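Please model the entire structure based on the sequences and the hints provided.
Number of protein chains: 2
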Amino acid sequence: MQKEITIYDIAKQLELSPATVSRALNDHPAINQNTKTLVANKAMEMGYRSNMFASNLRRQRTKTIGVIVPRLDSAFMSTVLSGMEKVANESSYNLIISQSLESVTKEIANAKTMFDSRVDGLLVSLASDTDNLDHFNTFFRKGIPLILFDRVIAQKNCINIVIDNQKAGYDATIHLINQGCKRILHVTGSLKRNVYADRLRGYKLALLEHGLTGGAELERSTNLTRQDGLDLVNYIKSMAIPPDGLFIASDFCAATCITALKQSGFSVPTDIAVVGFNDDPVSLVIDPGLTTIHYPGQEMGEIAAQSLINHLNGLLRLSTTNTILLNHELVVRGSSQRVVSQSTLP
Amino acid sequence: MQKEITIYDIAKQLELSPATVSRALNDHPAINQNTKTLVANKAMEMGYRSNMFASNLRRQRTKTIGVIVPRLDSAFMSTVLSGMEKVANESSYNLIISQSLESVTKEIANAKTMFDSRVDGLLVSLASDTDNLDHFNTFFRKGIPLILFDRVIAQKNCINIVIDNQKAGYDATIHLINQGCKRILHVTGSLKRNVYADRLRGYKLALLEHGLTGGAELERSTNLTRQDGLDLVNYIKSMAIPPDGLFIASDFCAATCITALKQSGFSVPTDIAVVGFNDDPVSLVIDPGLTTIHYPGQEMGEIAAQSLINHLNGLLRLSTTNTILLNHELVVRGSSQRVVSQSTLP
DNA sequence: ATTTGTAAAGCAATCGGTTGCATAACAAAT
DNA sequence: ATTTGTTATGCAACCGATTGCTTTACAAAT
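So the protein sequences, as listed, match chains A and B.
In short: position in the first sequence from 1, add 1349, done, that's our numbering.
In short: position in the second sequence from 1, add 1349, done, that's our numbering.
Some hints here could point you the wrong way.
Since the list gives no way to pick one copy over another, a pair counts as held whenever it fits inside one copy or between any two copies.
[Claimed, not checked] Straight-line Cα separation of at most 16 Å, EDC-like style, residue types lysine to aspartate or glutamate; simulated pairs:
{"id": "1", "residue 1": "Lys1553", "residue 2": "Glu1566"}
{"id": "2", "residue 1": "Lys1385", "residue 2": "Asp1469"}
{"id": "3", "residue 1": "Lys1491", "residue 2": "Glu1353"}
{"id": "4", "residue 1": "Lys1412", "residue 2": "Asp1465"}
{"id": "5", "residue 1": "Lys1586", "residue 2": "Glu1439"}
{"id": "6", "residue 1": "Lys1435", "residue 2": "Glu1451"}
{"id": "7", "residue 1": "Lys1352", "residue 2": "Asp1465"}
{"id": "8", "residue 1": "Lys1455", "residue 2": "Glu1439"}
{"id": "9", "residue 1": "Lys1531", "residue 2": "Glu1394"}
{"id": "10", "residue 1": "Lys1531", "residue 2": "Asp1547"}
{"id": "11", "residue 1": "Lys1435", "residue 2": "Asp1593"}
Keep in mind the hints are simulated off the structure, nothing from the lab.
On a predicted model such as this, the values are computed, not experimentally measured, just so you know.
If you want it as structure tokens, here you go:
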């Protein structure tokens, strides 16, 4: 457990001042190239490692990004985080990750922790019942940048990174309509959240354009859990006229539901065609394969992190952009395909 | 963007020395109770927040724990991380999370980054091709504690937190034998990894005890990907005598395989009974429900983090314990159940 | 020979807490 | 009145890197 090497040790060995060593290590223009090489070699030789704390203390920044997500244990979030980690790592930023567990209260507590940890910036996907950004006011006041992704609320001070959920909901619904569905049930999450409200809007728009009936009976707002997927089947069985199409705003819930539907004697997609959302791995496992909206989690994470870091380095002003829209894609699999033979598909 | 409050500001307002303020805030015994209350109130009132960097610089510690996992985007790892985050958060430790993407090379790089970030301790689950712990020597030399979880290599210097994989493999196999399987195919991951090697050992032991035949034809080492699950079905179809039981060391792979088996005309569990591993959410979605080995990810994360923090606080000496064994559990669902009627199960 | 210019390096203060070692204040004991 | 003990607080030196402002050294210009 030998002692830690500091720039003072290097300075002594090289008969230079610590200031010069510091500048040399930071590639400061006022330092002679030879000196830089000398210092770099010596540092390597002595096994020097910079003390971030001293540096951060002096520089008044932390090289740390806070991330608040609703849940860590979701396939989609994992890929987002994976993307963020990659980018942050490359720019030698650290990530502090915490989860709100879908509760504003916890989200507020997390925000406070992040604030006290003095993160340089914040990447947040909102809890399902969050309906304003007041708990981030401390950040705004201090000029600490905040980027919202996926689950967002539009606001002047911060970038939103999202997909066009309305368009995605529209695409999903149109697809069902094209498969001949006349009576499409939409199962959604908390309508406080943009992602669900927008998808619902897209769904309604598609119905409207095609002169189909919607209405309260065909719109179910749930928590999109496994249990909700099971309950849904009972609901369907209780309906006077069951639906012939099902658009569920979460793959996991949709997959559970398909299984339960089949067990209740419904045939998918013949009796009921199903479309999910997210392209969770589960959609490939279920039989028939689940038609779904794919959107790039990894990329969303990368872009969010990169935008934040660029802003922190002064390479991008957040105020110029306001919303970054990523592309989504309808992935057609067996669960909805009535027109073409489905046996050729996974 | 008002100026940051420091203990000096508090000291000035209260006409105390910064030293007293610092001690008061840290609940030092030599400080009068009244003074402590006074300081605490003033700090609150002025919106003081401690500067971790100054503190860490002086205290020579970072309050940061490094975590290296093979992949972030796995259901199991998410729950582990979720548990770690919870514990760390409660003890006001930060987590730096990085992924090795199953490559030693990246794992070595990650370890170096962690070292340079001066983490107080390290929680690691090894990449599939890691076969020694040399890249952690820098940590051992500095006395920085290392805890391995799930994917481990036994070594003097560090705790292992695992389940009894051999027993779990044994249990899974015995279950299949009890269901009447005579010819059980085991699909496993890289045998460099304890988890897979141990499960295989348990499988062999169970066969041996019941006088069943195993052998190379019935042991497949793969990467346990989706594709491997599909390939497996072709392999089975190519066999002179197909197996009647399948023990696959990963749920996702098992689930894919079940879907493919059904599409190839096999009946599960009648023709082939299947047991997976991990109790991934997917095992509830697939039809029939996947029999699997459940083990507590959240708890594993919590215990790993808590053990590390306890050790850092001097509450636990790592050398005393060496392996912490968590319980696993066989969860029986439809995919393997031949003896009892399966219709009552999910 | 003196001034001016430029490149390279050093001085010393600073960031904000922490902590070993005094010191002060006051009560109790001698 | 002096010593001893106890409790509460202050002084000042850290921790290690950064950076505004000088200073030094030496070449070029006058």
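Hint by hint, here is what the structure shows:
In this homomeric assembly, Lys1553 and Glu1566 come within 16 Å of each other (Cα to Cα) only inside a single copy, at 13 Å, whereas the closest approach across copies is 56 Å. Taking the closest pair of Cα atoms, Lys1385 and Asp1469 never come within 16 Å of each other, the shortest separation being 29 Å inside a single copy and 31 Å across copies. In this homomeric assembly, Lys1491 and Glu1353 come within 16 Å of each other (Cα to Cα) only across copies, at 10 Å, whereas the closest approach inside a single copy is 35 Å. For the homomeric pair Lys1412 and Asp1465, the shortest alpha-carbon distances inside one copy (14 Å) and between copies (13 Å) are both at most 16 Å.
Within a single copy, Lys1586 and Glu1439 get their C-alpha atoms no closer than 53 Å, and across copies no closer than 46 Å, so neither meets the 16 Å cut-off. Taking the shortest alpha-carbon separations for Lys1435 and Glu1451, only the inter-copy value of 14 Å comes in at or below 16 Å, while the best intra-copy value is 25 Å. Taking the closest pair of Cα atoms, Lys1352 and Asp1465 come within 16 Å of each other only across two copies (15 Å); inside a single copy the shortest separation is 30 Å, beyond that limit. Proximity of Lys1455 and Glu1439 under a CA criterion of 16 Å is satisfied inter-copy only: 12 Å between copies versus 30 Å inside one chain copy.
Taking the shortest Cα distances, Lys1531 and Glu1394 never come within 16 Å of each other, neither inside one copy (74 Å) nor across copies (62 Å). For the identical chains of this complex, Lys1531 and Asp1547 are neighbours neither inside a copy (21 Å) nor across copies (54 Å), given an alpha-carbon limit of 16 Å. Proximity of Lys1435 and Asp1593 under a CA criterion of 16 Å is satisfied in neither setting, with 43 Å inside one chain copy and 43 Å between copies.
In this structure, the earlier hints numbered 2, 5, 9, 10, 11 are contradicted, and the remaining ones agree with it.
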